[in-house]
Amino acid sequence: MWQIFHKLGSPKWFFGIASALMPWLLGIGVALFMTGIVWGLVFAPQDYLQGNSYRIIFIHVPSAFLAQSVYIMMAVAALVTLVWRMKLADVFVRSAAPVGAVLTFLALFTGAVWGKPTWGTWWIWDARLTSMLILLFLYFGVMALGAAISDEKSSARAVAVLVLVGVVNIPIIKYSVEWWNTLHQPATFKLTEKPSMPAEMWVPLLLSVLGLYLIFGWLACLRMQTDILAREGRTRWVKELVQARGN
Amino acid sequence: MTMASETGLPICTPDMSVGTLSAMKAVFVRDLKIALRQPQDLLNPLLFFVMVVTLFPLGVSPEVSFLREAGSGILWVAALLSVLLSLDHLFRHDFDDGTLEQLVLQPQPLFLLVLAKSLAHWVLTGLPLVLLAPVLGVMVHLEGNSIAVLCLTLLIGTPVLSLIGSIGAALTLGLRSAGVLLSLLIIPLYIPVLIFGTGTVMAASEGAPVGGQLALMGAFLVLALTLAPFASAAALRISLSNS
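First to last, the sequence lines map onto chains V and U.
The first sequence lines up with residues 1 to 247 when you count with UniProt numbering.
The second sequence lines up with residues 1 to 243 when you count with UniProt numbering.
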């Protein structure tokens with residue numbers, strides 16, 4: 001167990017593992033995501049109330065799902081950074097933050113597009129929307145702080161502290177639709193209950209969520225590899241790797 | 001941590017609980033004294049508070065109906081901004097003259113000393129804002145009951161702002177563009193306090209009971225009192241190791 005843990009801290013080892021994993025993550029991820037999207041957009045039945053406009057759920061829910069999960073993953077990595085000073089955990093936080101910000105923006109944007117036909121407005125200051133907007137600000141803050149501190153080690157730890165402080169927002173987002181009376185509907189998937197929509201709707205939705213998770217995994221690996229190459233540019237294994245690829 | 005002087009005697013008193021409390025008191029009193037010797041620095045956030053509030057009737061509308069509706073929000077936003085602007089001073093001088101490093105080296109837990117500093121910051125900026133709020137409340141035509149509730153929410157809310165702000169001040173210590181960055185990091189964390197602060201006053205002006213919302217704000221305060229000093233202490237250590 002501890003041996004694996006130590007190996008995980010080695011950028012070289014991770015680089016190899018990521019290279020092996022990435023084609024699988026991308027292949028299966030795109031396959032699942034496309035299946036879910038095409039099924040949802042073309043074949044799933046219409047909603048009796050919202051008609052075809054509900055179909056944006058197949059983009060909206062996966063990105064909103066990921067936007068929050070990515071932050072939680074970053075928080076776990078931040079804890080690892082602070083406790084074990086593991087370099088790779090910080091590489092993950094840095095690589096994931098912009099992706100998380102884009103996903104949050106996508107969730108807000110698709111939400112606005114969906115809100116127009118159903119609620120009659122692009123934006124309302126509803127609890128769920130506001131807390132997602134705060135999440136977007138938090139991602140921007142993490143990126144700004146990471147860019148502002150030039151020293152690699154203190155930058156890693158400062159960002160980790162900030163990520164952990166921001167975690168308080170996650171339960172607020174998650175439960176905002178249950179604590180407050182809002183326009184936004186409750187969560188689509190719950191671990192303990194069956195979804196409130198028919199299987200022809202939630203199966204493709206689940207597929208696209210899973211697919212987007214895998215695609216995020218691929219993207220995170222790619223960005224982490226780039227970051228590792230930039231940081232470890234002076235080590236021998238990177239030089240050998242670059243030369244081998246160059247020929 | 002044990003420290004020994006050249007004579008071999010421990011520098012800190014063996015009775016740590018008394019030592020910690022008196023150290024906190026010393027830090028608190030020191031911050032107050034330094035601030036009181038430069039009264040202009042104390043006055044600036046207050047003047048800023050008044051000026052921002054003045055902007056709204058002049059810039060948006062001096063109508064009584066608008067001001068009565070938006071007044072609590074205007075006062076809260078102005079208070080939030082002036083606390084935000086004053087945060088830069090929280091650690092900056094101590095950082096520049098090396099006092100902060102001495103604080104970190106003390107045998108007493110750093111988070112308690114940071115707590116004392118945050119409380120001193122609140123007494124110097126938050127508390128005057130609360131005391132000034134009724135005057136401005138009258139100027140934006142709030143009713144008596146609303147003003148009372150507004151002051152109560154500011155009384156509970158401004159310490160939360162100081163405590164959360166200390167995290168941001170510690171994180172951005174010694175950075176080039178600290179001011180803007182500090183606002184970027186801290187404003188998202190201030191939003192929940194702002195929402196509940198103004199929401200409580202709104203409820204009060206509509207005659208609804210506010211006990212529940214005040215209790216929630218109290219919960220924010222307890223959470224910030226217990227957790228924020230740990231985060232700022234950790235951030236301070238990081239910033240000091242950086243310089």
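Bear in mind the hints are in silico, worked out from the structure with no lab data behind them.
Treat the hints loosely; a few may be bogus.
Dumping the calculated SDA-like pairs for lysine to any residue here, alpha-carbon to alpha-carbon at most 20 Å [claimed, not checked]:
id : chain 1 : residue 1 : chain 2 : residue 2
1  : V       : K153      : U       : I191
2  : V       : K153      : U       : K25
3  : U       : K25       : U       : L110
4  : V       : K153      : V       : V80
5  : V       : K174      : U       : P192
6  : V       : K153      : U       : F220
7  : V       : K153      : V       : F137
8  : V       : K153      : V       : K239
9  : V       : K87       : U       : R237
10 : V       : K174      : U       : I191
11 : V       : K174      : V       : T226
12 : U       : K33       : U       : E69
13 : V       : K12       : V       : K153
14 : V       : K174      : U       : P188
15 : V       : K153      : U       : L227
16 : U       : K33       : U       : P107
17 : V       : K174      : U       : H93
18 : V       : K153      : U       : L175
19 : V       : K174      : U       : F196
20 : V       : K12       : V       : K174
21 : V       : K153      : U       : L216
22 : V       : K174      : U       : A219
23 : V       : K87       : U       : E143
24 : V       : K12       : V       : M22
25 : V       : K174      : U       : A178
26 : V       : K12       : V       : V80
27 : V       : K239      : V       : L82
28 : V       : K87       : V       : G16
29 : V       : K116      : V       : F105
30 : V       : K12       : V       : L229
31 : V       : K153      : U       : I195
32 : V       : K153      : U       : R176
33 : V       : K87       : V       : Q225
34 : U       : K25       : U       : C151
35 : V       : K239      : V       : F15
36 : V       : K174      : U       : I195
37 : U       : K25       : U       : R37
38 : V       : K153      : U       : P192
39 : V       : K87       : V       : M143
40 : V       : K87       : U       : N242
Numbers of unmet hints, in rising order
The structure breaks hints 1, 2, 6, 7, 8, 11, 12, 15, 16, 17, 20, 21, 23, 25, 27, 31, 34 and 38; every other hint is satisfied.
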